[in-house]
Amino acid sequence: MAFMNAWLFAALALLPPFACGAFMALRGPIAGRVVAVQFASAVTAFILILLAMAVDQRSFLDLALTLVFVSYPGMLIYTHFLERWL
Amino acid sequence: MTGIATEVLLALAVAASWLGAIAFLLLPTPYDRLHAASYVSISAGFFVMLAVVASDPASALALKAAIIYAALIVTGPILTHSIGRALRLRDESGDEP
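Just so you know, the sequences run in chain order A and B.
For the first sequence, the working numbering begins at 273 and goes up steadily by one.
For the second sequence, the working numbering begins at 2 and goes up steadily by one.
So that you can see chain B by itself, here it is in the shape it has in the complex (with noise of 0.2 angstroms):
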């Protein structure tokens, strides 16, 4: 039962992935490609967590899985409003390369 889980977690967790992915190829803007980053990371990154846990729960390893997975929740939307931010900056200068 708990293989199952596991192998529908990680199922789950490269649809997520591949969602992101089409998503970044189609997307236009780099500001609508944050979006896509931002799913990624954390639908899928939840998934893989979860699978890690369903795995082997009550270890070191799902603690480690749990720590990346809290890691990404925190820095991901500094990433993406740094990332914006920056990009917002740019298209106000006018310097495009």
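Chain A extracted, bound-state conformation (with noise of 0.2 angstroms):
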């Protein structure tokens, strides 16, 4: 277990929230789900800042800022499509 380390520990943690967003956006009415996505986004950036510090990569920071800024006009859209036509 010489690899775990607290990064890596808490990465782990925070798999059942993500989980949870996931599992959530996947049933029930419309309205439940699209909580559910932002929730599960804000859960999988943290997953990716963690991980890129658990496997000392300091690159994959990039991934989380991405999504952060990628996840934000998705949602907008998403929302738009939902009030008129979904």
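Hints listed in this document are in silico derivations from the structure and should not be mistaken for laboratory results.
Misleading hints may appear alongside valid ones.
Said to hold, decoys possible - Here are the simulated lysine to aspartate or glutamate pairs, DMTMM-like style, with alpha carbons at most 25 angstroms apart:
1) Lys65(B) - Asp334(A)
2) Lys65(B) - Glu8(B)
3) Lys65(B) - Asp328(A)
Take the two lone chains, each set in its own frame, and fit them into one complex as the hints suggest.
This is how it looks when you write it as structure tokens:
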């Protein structure tokens, strides 16, 4: 277990909250799903940050940065469709 | 000392995420769940950002973590308002699938 460090433990500990959001995004009415997608995307950004620190690949932090900046217009477009056509 | 501070901050981030996830599961309506999603992105993000800064202060890594947290703070309320508005318009139209 020498390869396990606090960052990796924290990243693994965030998997159940992510699974919670992903599970809620897969079931129920569409109004609940969009909230679950926002929840899951935030937890995913944290997991990516922690994994970047855990494996000491600092460039992986760009993935989290990209996810945050891409999920913002994605969610706005999603809600725009949600209030009109979906 | 820095290692202990980092581990404590990581534990706080995990605790905040779990608390938000439990609230997300237990709260009944999508409007209530918006609070849990906002709480996780703000509180857990704060502790994660602080852990990165405590681990490697005054570096490009800390700057990126701070930018990510700032983006979450700026975009989170906008998204929450947008989702809440969309849900209210759907409720008023009365064509929930």
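Evaluation of the provided hints:
The straight-line distance between the Cα atoms of lysine 65(B) and aspartate 334(A) is roughly 8 angstroms, inside the 25 angstroms bound, and the hint therefore holds. Restraint check for lysine 65(B) and glutamate 8(B): the C-alpha separation of about 20 angstroms stays at or below 25 angstroms, so the hint holds. Our distance criterion of 25 angstroms between C-alpha atoms is met by lysine 65(B) and aspartate 328(A), whose separation comes to about 15 angstroms.
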